[in-house]
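Enquirer: As numbered in the UniProt record's numbering, the sequence shown has no gaps in its residue numbers, which increase by one up to the final residue, 61.
Calculated directly from the structure, the hints in this document are not laboratory data. We put the beta carbon where it would ideally sit given N, CA and C, even for glycine. Worth double-checking, as some hints may not be accurate.
[As the list claims (entries may be wrong)] Pairs of lysine to any residue residues, derived as SDA-like cross-links and limited to a Cα-Cα distance of at most 20 Å, are as follows:
no., residue 1, residue 2
1, K44, Q6
2, K44, E58
3, K44, R18
4, K44, P56
5, K55, L38
6, K44, A31
7, K44, L26
8, K44, D22
9, K55, V39
10, K44, A16
11, K55, D24
12, K44, G21
13, K55, A31
14, K55, V32
15, K55, I23
16, K55, G12
17, K55, V43
18, K44, M1
19, K44, T30
20, K44, D5
21, K44, K55
22, K55, R13
23, K55, N42
24, K44, D24
25, K55, L36
26, K44, I54
27, K44, V32
28, K44, T3
29, K55, D45
30, K55, I37
31, K44, W57
[Claimed, not checked] Have a look at the derived ranges for each label pair, beta carbon to beta carbon:
no., residue 1, residue 2, range
32, A8, P56, 27 to 33 Å
33, P56, D35, 23 to 29 Å
34, K44, A16, 17 to 23 Å
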Amino acid sequence: MPTTDQIAVEWGRIGAIRLRGDIDGLIAATAVVHDLILVTRNVKDFEGTHASVIKPWETSA
1 MPTTDQIAVE
11 WGRIGAIRLR
21 GDIDGLIAAT
31 AVVHDLILVT
41 RNVKDFEGTH
51 ASVIKPWETS
61 A
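With the hints as constraints, model all of the structure from the sequences given.
Expert: Structure below.
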């Protein structure tokens, strides 16, 4: 998926409010702009980004 101007703006917004890795911010920005759901074991890396995140490896039993 190409990095668009809209993704770059969202990536900048995310980068301004969080201290985690830049690439995580790019991934989150792409998810936000394209209304995607992130599937990851590292849910905390995407906190505060407004991205929808699920951790499917957790069980609810």
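Enquirer: When the hints from earlier in the document are held up against this structure, which numbers fail?
Expert: 1, 16, 18, 20, 22, 28, 33
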